[in-house]
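Based on the hints, put chain F in the right spot on chain E.
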Amino acid sequence: MTNLALPSLEKSATGIAGFDDISGGGLPRGRPTLLAGHAGSGKTLFALEFVLHGIEKFNEPGVFVSFEETPEELAVNFGSLGFDLFRHQAEKRLRILHINLDPQELIEAGEYDLDGLFLRLGAAIDATGARRIALDAVENLFSAFADLRILRAEFRRLMDWLKSKGITAVVTTERGTDTLTRHGLEEYIADCVVALDNRIEGQLATRRLRIVKYRGSSHGCDEYPFVLDRAGFSVIPITSAGMAYAVSTERLSSGCASLDEMLSGGFFRGSSLLVSGTSGTGKSSISAQVVDAACRRGERCLYIAFEESADQIERNMASIGFDLAQWRQAGLLRFHATRASSNGLETHLAMLTGLVNECQPQMVIIDPITAFNVSTDEERIKTMLVRAVDLFKSRGITSLFTALTYGGDAPEATSVAISSLVDVWLLLRNLESAGERTRGLYVCKARGIAHSNQIREFMLSETGIRLMDVLLDAEGRILTGSARLLRQRLDENEAQIRSAAAARRRAKLEDRRRVVETKIAAIRSEFEEELHALSEELEQEHTSSDQTTRTLAELAARRGRTSDGNKS
Amino acid sequence: MNESDIPHFEEHKDGSAWVLRLYIAGQTPKSLAAISNLHRICDEHGETKFHIEVIDLLEKPQLAEGDKIIAIPTLVRKLPEPIRKVIGDLSDTEKTLVGLQLKPKLV
Numbered sequence: 001m002t003n004l005a006l007p008s009l010e011k012s013a014t015g016i017a018g019f020d021d022i023s024g025g026g027l028p029r030g031r032p033t034l035l036a037g038h039a040g041s042g043k044t045l046f047a048l049e050f051v052l053h054g055i056e057k058f059n060e061p062g063v064f065v066s067f068e069e070t071p072e073e074l075a076v077n078f079g080s081l082g083f084d085l086f087r088h089q090a091e092k093r094l095r096i097l098h099i100n101l102d103p104q105e106l107i108e109a110g111e112y113d114l115d116g117l118f119l120r121l122g123a124a125i126d127a128t129g130a131r132r133i134a135l136d137a138v139e140n141l142f143s144a145f146a147d148l149r150i151l152r153a154e155f156r157r158l159m160d161w162l163k164s165k166g167i168t169a170v171v172t173t174e175r176g177t178d179t180l181t182r183h184g185l186e187e188y189i190a191d192c193v194v195a196l197d198n199r200i201e202g203q204l205a206t207r208r209l210r211i212v213k214y215r216g217s218s219h220g221c222d223e224y225p226f227v228l229d230r231a232g233f234s235v236i237p238i239t240s241a242g243m244a245y246a247v248s249t250e251r252l253s254s255g256c257a258s259l260d261e262m263l264s265g266g267f268f269r270g271s272s273l274l275v276s277g278t279s280g281t282g283k284s285s286i287s288a289q290v291v292d293a294a295c296r297r298g299e300r301c302l303y304i305a306f307e308e309s310a311d312q313i314e315r316n317m318a319s320i321g322f323d324l325a326q327w328r329q330a331g332l333l334r335f336h337a338t339r340a341s342s343n344g345l346e347t348h349l350a351m352l353t354g355l356v357n358e359c360q361p362q363m364v365i366i367d368p369i370t371a372f373n374v375s376t377d378e379e380r381i382k383t384m385l386v387r388a389v390d391l392f393k394s395r396g397i398t399s400l401f402t403a404l405t406y407g408g409d410a411p412e413a414t415s416v417a418i419s420s421l422v423d424v425w426l427l428l429r430n431l432e433s434a435g436e437r438t439r440g441l442y443v444c445k446a447r448g449i450a451h452s453n454q455i456r457e458f459m460l461s462e463t464g465i466r467l468m469d470v471l472l473d474a475e476g477r478i479l480t481g482s483a484r485l486l487r488q489r490l491d492e493n494e495a496q497i498r499s500a501a502a503a504r505r506r507a508k509l510e511d512r513r514r515v516v517e518t519k520i521a522a523i524r525s526e527f528e529e530e531l532h533a534l535s536e537e538l539e540q541e542h543t544s545s546d547q548t549t550r551t552l553a554e555l556a557a558r559r560g561r562t563s564d565g566n567k568s
Numbered sequence: 001m002n003e004s005d006i007p008h009f010e011e012h013k014d015g016s017a018w019v020l021r022l023y024i025a026g027q028t029p030k031s032l033a034a035i036s037n038l039h040r041i042c043d044e045h046g047e048t049k050f051h052i053e054v055i056d057l058l059e060k061p062q063l064a065e066g067d068k069i070i071a072i073p074t075l076v077r078k079l080p081e082p083i084r085k086v087i088g089d090l091s092d093t094e095k096t097l098v099g100l101q102l103k104p105k106l107v
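Heads up: the sequence lines are chains E and F, in that order.
Sequential numbering of the first sequence, starting at 1, is according to our numbering.
Sequential numbering of the second sequence, starting at 1, is according to our numbering.
With the rest of the complex left out, here is chain E (with noise of 0.2 Å):
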């Protein structure tokens, strides 16, 4: 932010969380600049903390002014923050005026100067060496004095004044009913002005801060919010993220693989959830889902619940096989469970803020944005859920936000109209049948992601969520409930049926295939025995031939030996 700055002109950094962001660099150096605000709404705060920073981060001394509270008053009140203002007092680095004016007391007869002032002050200022100068509540000065002749030209010549010792001060003044400041102050300081505001809509209360003029260097020109808690004062320069953020290609799992296969591996690192439905649809589960697979991961996550305590959660979400306190233990989780109209949405933004920025995390669960629907317009919901997912889109957090529809709207219609801000939306419906609700989800859009267009019916059991395969009857509706029990039960018997027949079938062929081989057996048998019977048969035959040429060969020897003895 720092290329807002023109480098001829010389900044003081107030050292105010995000204010030194927008302003591009701090208060002009050297100059005063007006600080107009109605009564509550931070001025003292402000101008007090620009000093003591000013004393603590950046060796200038100061002297702060107050024509209202005394410093006995200011020390409690800050010492609530963190600043000792005894020992800054003690060590000379910081002086304490208070001009405590009655108008009761004050008589005027004649003409005079402020020089009394002007001479405390130059005390003051050297005693301390003070670089930076705090004057507050300086309308006290204009209704203590009657002579406003007087009083304008003494005040100009203050200004000048400490100009001519190149002091950076602030001056703070209530805001006037019509004009930025009751007697018209910002005449005579022109080089910065900055207004604070705290406005009541719909019976809650936010500020917000705008830098009016800044002669001689850009600046923010929005209407900045900002808060003022245990941390002293700190402005959000949320606008100021912008769209060039870079973008994962990492695919996250939701935790549920059903789930993951319906977006054909999970979402994007980094892009934001929106999960709508009405009421009791699993909008909470569905996040408890997410959050357990990012923490399993080992991921840090911040989850902001709007309608539950962080023990209520934990509780419900252990019911369903969640055990989210673990990661809470492990330093994982973080839960900030507030209502929705304890503060106005820029407050709620600031708070985001702050929070992002102290815990860091990768993950965040907003459960749900249509808290806010209440007590504000639509138009400034949107606003506020663009700043904050440009907040986390800059920061590369994976967003989730639940929204509540009601029965009446379309399911499409998230009440707040943030659809088109996020990346991918998961719409949770009832399914109504057979006198039965169950629950349905599907994939509504899924940007840079080829997603399932199923209605596939989903159910919370205590191992968390599961989504069931999709059943079709015969016109092709869905098949939820008991009637997809039904129908698997039927499947299921009609299967038992069939093997059953299958059963018989084969133990009948079995039979036969017995019987068959029995016979085989038989005349098998039959055969080898006839078979027998002819070996034998033939057995016989041949030794009796043998026999035969035996006695033939005998009776030929002895025919033989008579021929023989011819022969011979």
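Rather than coming from a laboratory, the hints here were simulated on the basis of the structure.
Everything numeric in this text was worked out from a predicted model, so none of it was measured.
Watch out, some of these pointers could steer you wrong.
To be verified - Computed cross-link-like contacts, EDC-like style, restricted to lysine to aspartate or glutamate with a CA-CA straight-line distance of at most 20 Å:
1) Lys68(F) / Glu69(E)
2) Lys95(F) / Glu91(E)
3) Lys57(E) / Glu91(E)
Stated by the list, open to error - Ranges of calculated distance between the beta carbons of each label pair, as one might list FRET restraints:
4) Gly46(F) / Asp84(E): 55 to 61 Å
5) Lys103(F) / Asp84(E): 49 to 55 Å
6) Lys163(E) / Lys103(F): 46 to 52 Å
7) Arg157(E) / Gly46(F): 36 to 42 Å
8) Ala39(E) / Gly46(F): 46 to 52 Å
9) Asp126(E) / Glu44(F): 40 to 46 Å
10) Gly122(E) / Ser36(F): 54 to 60 Å
11) Gly46(F) / Gly166(E): 49 to 55 Å
12) Gly166(E) / Glu44(F): 47 to 53 Å
13) Lys163(E) / Glu44(F): 42 to 48 Å
To be verified - So, partial list: chain F residues that the calculated Cβ filter (under 7 Å) puts toward chain E:
14) Pro61
15) Ile69
16) Ile87
All C-beta atoms in this analysis are idealised placements derived from N, C-alpha and C, irrespective of residue type, glycine included.
The following block gives chain F in isolation, referenced to the frame of chain E:
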């Protein structure tokens, strides 16, 4: 502060003394006018005893804190109590008298 630091302007004999302190910053026309106007008013109230101190804050700036001086000149009625302040060069006699709660004197 030393007794000698405070110029004793005028004292009156009767009654308890009024203690008036006039703060100025240098010998400016306004300061000189205030001194002379105060003279005149006190003269006109001869029956009251005045104890007047004139303090030049250019010489003693540290004294400004005590009476919480912002405007110059400032006349402080220290006694009788309560403290009252009149600012300006005291050219408006009527207002000065109202401020000091002195009765107007017909001349």
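Beta-carbon spacing of Lys163(E) to Glu44(F) - inside the hinted bounds 42 to 48 Å or not:
For Glu44(F) against Lys163(E), whose Cβ atoms are near 45 Å apart, the range 42 to 48 Å holds.
May I ask you to test the interface hint for Ile87(F) with respect to chain E, counting a Cβ-Cβ separation under 7 Å as satisfied?
holds, 5 Å
Pair hint outcome, Lys57(E) versus Glu91(E) [Cα-Cα no greater than 20 Å]:
holds, 15 Å
Given the hint of 46 to 52 Å, is the C-beta distance from Lys163(E) to Lys103(F) inside that range or not?
holds, 47 Å
Evaluation of the interface hint that places Ile69(F) against chain E, nearest CB under 7 Å:
At 4 Å from the nearest chain E Cβ, Ile69(F) passes the 7 Å test, so the hint holds.
When you check the alpha-carbon spacing of Lys95(F) and Glu91(E), does it fall within 20 Å?
violated, 44 Å
Please test the hint of 54 to 60 Å on the beta carbon pair from Gly122(E) and Ser36(F).
Given range 54 to 60 Å: violated, Cβ gap about 28 Å.
If you check the beta carbons of Lys103(F) and Asp84(E), does the distance land in 49 to 55 Å?
Given range 49 to 55 Å: holds, Cβ gap about 53 Å.
Has the hinted range 36 to 42 Å been met by the Cβ atoms of Arg157(E) and Gly46(F)?
holds, 40 Å
In this structure, is the beta-carbon distance linking Asp126(E) and Glu44(F) contained in 40 to 46 Å?
holds, 42 Å
Gly46(F) versus Asp84(E) beta-carbon gap, inside 55 to 61 Å or not:
holds, 57 Å
Could you see if the CB distance from Gly166(E) to Glu44(F) stays within 47 to 53 Å?
The hint (47 to 53 Å, Cβ to Cβ) holds, given that Gly166(E) and Glu44(F) are roughly 49 Å apart.
In summary, the structure is inconsistent with hints 2, 10 from the numbered list given earlier, while agreeing with the others.
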